[in-house]
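Residue numbers (the numbering used here), protein chains in the order written: chain A, 3 to 256; chain B, 3 to 256.
FYI, nobody ran anything at the bench for these hints, they're computed from the structure.
No experiment lies behind these values; they were computed from the predicted model shown.
Incorrect hints may have been included.
Note that the list lumps identical chains together, so a pair holds whenever it fits in one copy or between two copies.
As the list claims (entries may be wrong) - No more than 27 Å apart at the CA atoms, straight line, and that leaves these computed lysine-lysine pairs for DSSO-like:
#1 K198 with K60
#2 K5 with K60
#3 K198 with K174
#4 K29 with K152
#5 K92 with K189
#6 K90 with K198
#7 K177 with K90
#8 K198 with K152
#9 K151 with K198
#10 K60 with K148
#11 K177 with K5
#12 K92 with K5
#13 K29 with K60
#14 K92 with K177
#15 K205 with K90
#16 K151 with K177
#17 K92 with K198
#18 K205 with K151
#19 K174 with K90
#20 K161 with K205
#21 K198 with K148
#22 K60 with K174
#23 K161 with K219
#24 K60 with K205
#25 K198 with K177
There are 2 protein chains.
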Amino acid sequence: MSKPLILVTNDDSIVAPGIRTLISVMKEIGDVIVVAPDSPQSAMGHAITINNTLHIDKVNLDPDLEHEYSCSGTPVDCVKMAVREILKRKPDLCVSGINHGSNSSINVIYSGTMSAAVEAGIEGIPAIGFSHVDYGWHTDFEPIKKYVKKIALEVLHNKLPEGVVLNVNFPKAEKTIQGIKVCRQAKAMWMEQFDKRTNPQGKEYYWLSGEFVNQDKGQDTDEWALENGFISVVPVQFDLTAHHAIQIVNNWDL
Amino acid sequence: MSKPLILVTNDDSIVAPGIRTLISVMKEIGDVIVVAPDSPQSAMGHAITINNTLHIDKVNLDPDLEHEYSCSGTPVDCVKMAVREILKRKPDLCVSGINHGSNSSINVIYSGTMSAAVEAGIEGIPAIGFSHVDYGWHTDFEPIKKYVKKIALEVLHNKLPEGVVLNVNFPKAEKTIQGIKVCRQAKAMWMEQFDKRTNPQGKEYYWLSGEFVNQDKGQDTDEWALENGFISVVPVQFDLTAHHAIQIVNNWDL
């Protein structure tokens with residue numbers, strides 16, 4: 003049997019330790035093609051580049067790989083480029099990450115890592131976004147490699163339900179991993195504080211910052227899992243219809 | 003009773019005819035505050051600005067308005083700025099648009115217009131994104147103003163279920179409006195074609211382009227509604243958990 007074809011991307015850029023780790027794991031289970039951003043694209047959500055040009059460059063950061071490309075666009079652009087322009091056939095799996103920082107809970111919606119996985123899902127490709135709660139550039143990914151491999155193999159084996167991709171987050175390195183937990187995303191949000199400063203010309207500007215607030219006490223959430231040392235796996239959908247609300251709005255006087 | 007406080011934003015920038023129309027309608031029903039991008043932000047999805055600074059400027063395009071601001075960020079940044087930095091209290095309604103171009107079906111996920119509405123929803127603000135299928139800058143919004151007003155008033159009156167915002171699209175101007183239809187988003191996608199060109203220095207670059215493909219024949223979809231002259235209203239959720247898939251993935255050997 004031929005090896006599975008695996009597309010690897012991320013949002014921290016092609017040189018990030020997280021994607022290099024992900025590539026090393028995927029090489030053990032399939033033929034790997036990398037198409038990843040040439041610069042950091044964190045928090046780009048599902049943005050695509052329509053008002054600017056796109057560039058791709060063949061690179062060779064990993065001498066084992068024949069097909070490795072850096073792209074000037076967003077993570078979603080990378081997936082579109084890979085599928086339409088670079089790949090000869092639809093890949094068997096798309097993996098995105100390993101993100102340097104959490105994409106649990108509401109963060110899934112801001113995340114370039116997860117948006118790349120979602121875009122692959124829209125294309126009908128089984129897809130997984132991997133993120134590590136520790137956001138440091140020098141996070142030790144070694145202890146989680148076996149779990150990344152296990153989850154990828156399970157997705158290749160079982161496929162995913164139509165319209166679903168996986169959002170996988172790894173707990174802080176200081177926690178002993180208790181196992182893998184399939185969860186719902188916690189109902190949480192960011193309380194932003196804008197840090198107001200003055201530039202050398204005297205004009206005010208802001209930096210977005212803030213505090214993550216989780217008021218969801220459920221033990222079936224990704225936040226609970228991560229807090230308790232579990233790897234969280236949330237099935238994520240991209241049909242955004244709130245089906246339960248259709249009847250409610252239908253009862254209005256529209 | 004005091005008038006409702008209404009936050010208005012968009013993704014086509016603060017000078018777009020679509021948002022100026024939306025402002026004119028909202029002034030009839032409430033106190034209006036505008037915080038909108040200072041440049042076009044189409045297809046920015048749920049992107050936020052974390053690796054760059056943000057600027058806001060008080061502007062006065064509409065002499066009736068005391069509070070009108072242009073912001074250097076994305077549509078989602080605009081909502082965050084409005085809620086955390088500009089507004090004294092939580093608004094009663096947030097409206098985004100009127101977008102110059104369709105945000106029906108899968109386009110909701112790429113749309114800056116809808117991401118602004120979703121961000122307001124995350125903040126617990128009743129929110130609506132309005133889009134017109136005609137993408138021209140000089141689209142005649144006059145015939146749809148009464149529907150924009152009606153839908154906004156209904157949301158103010160009924161509120162929205164928790165975790166739900168509305169995605170409203172108006173059909174092509176050439177169609178006679180048949181009424182308002184509450185729908186699900188059609189299962190459709192973009193088949194991209196990258197237009198490959200060569201720059202003056204001989205280097206290749208690409209423009210993203212493509213064709214929208216709808217293979218969803220359902221008559222309960224937004225695409226069907228728009229095609230048949232209805233205004234489509236899709237309730238949209240931002241909890242992305244695919245709840246139905248949790249049990250499926252739980253049965254895997256993880």
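Taking the hints in turn, this is what the structure says about them:
1. In this assembly of identical chains, K198 and K60 lie within 27 Å of each other by CA distance solely across copies; the values are 16 Å between and 41 Å within a copy.
2. Proximity of K5 and K60 under a CA criterion of 27 Å is satisfied intra-copy only: 23 Å inside one chain copy versus 58 Å between copies.
3. In this assembly of identical chains, the alpha carbons of K198 and K174 never lie at most 27 Å apart, being 31 Å within a copy and 44 Å across copies at closest.
4. For the homomeric pair K29 and K152, the shortest alpha-carbon distance inside one copy (13 Å) is at most 27 Å, but the shortest distance between copies (57 Å) is not.
5. For the identical chains of this complex, K92 and K189 are inter-copy neighbours only, at 20 Å across copies versus 35 Å inside a copy, given an alpha-carbon limit of 27 Å.
6. In this homomeric assembly, K90 and K198 come within 27 Å of each other (Cα to Cα) only across copies, at 17 Å, whereas the closest approach inside a single copy is 49 Å.
7. Taking identical chains as interchangeable, the C-alpha atoms of K177 and K90 are never at most 27 Å apart, the minima being 42 Å within one chain and 41 Å between chains.
8. Taking identical chains as interchangeable, the C-alpha atoms of K198 and K152 are never at most 27 Å apart, the minima being 45 Å within one chain and 39 Å between chains.
9. In the homo-oligomer, the alpha carbons of K151 and K198 never lie at most 27 Å apart, since the shortest distance is 44 Å inside one protomer and 36 Å across protomers.
10. In the homo-oligomer, the alpha carbons of K60 and K148 never lie at most 27 Å apart, since the shortest distance is 29 Å inside one protomer and 53 Å across protomers.
11. When the C-alpha separation of K177 and K5 is checked against a cutoff of 27 Å, the pair qualifies neither within a copy, at 35 Å, nor between copies, at 52 Å.
12. For the identical chains of this complex, K92 and K5 are intra-copy neighbours only, at 13 Å inside a copy versus 54 Å across copies, given an alpha-carbon limit of 27 Å.
13. In this homomeric assembly, K29 and K60 come within 27 Å of each other (Cα to Cα) only inside a single copy, at 18 Å, whereas the closest approach across copies is 53 Å.
14. Proximity of K92 to K177 under the C-alpha cut-off of 27 Å is found in neither arrangement, the shortest distances being 38 Å within a copy and 39 Å between copies.
15. Taking identical chains as interchangeable, the C-alpha atoms of K205 and K90 lie at most 27 Å apart only when they sit on different chains, with a minimum of 23 Å there against 51 Å within one chain.
16. Taking identical chains as interchangeable, the C-alpha atoms of K151 and K177 lie at most 27 Å apart only when both belong to the same chain, with a minimum of 20 Å there against 53 Å between chains.
17. Proximity of K92 and K198 under a CA criterion of 27 Å is satisfied inter-copy only: 21 Å between copies versus 47 Å inside one chain copy.
18. Proximity of K205 and K151 under a CA criterion of 27 Å is satisfied in neither setting, with 50 Å inside one chain copy and 38 Å between copies.
19. Taking the shortest Cα distances, K174 and K90 never come within 27 Å of each other, neither inside one copy (38 Å) nor across copies (37 Å).
20. Neither within a single protomer nor between protomers do K161 and K205 lie at most 27 Å apart by alpha-carbon distance, with minima of 53 Å and 40 Å respectively.
21. For the homomeric pair K198 and K148, neither the shortest alpha-carbon distance inside one copy (44 Å) nor that between copies (40 Å) is at most 27 Å.
22. In the homo-oligomer, the alpha carbons of K60 and K174 never lie at most 27 Å apart, since the shortest distance is 34 Å inside one protomer and 43 Å across protomers.
23. For the identical chains of this complex, K161 and K219 are inter-copy neighbours only, at 26 Å across copies versus 31 Å inside a copy, given an alpha-carbon limit of 27 Å.
24. Within a single copy, K60 and K205 get their C-alpha atoms only as close as 41 Å, which misses the 27 Å cut-off; across copies the closest is 13 Å, which meets it.
25. Within a single copy, K198 and K177 get their C-alpha atoms no closer than 36 Å, and across copies no closer than 48 Å, so neither meets the 27 Å cut-off.
Consistency note: the structure conflicts with the earlier hints numbered 3, 7, 8, 9, 10, 11, 14, 18, 19, 20, 21, 22 and 25.
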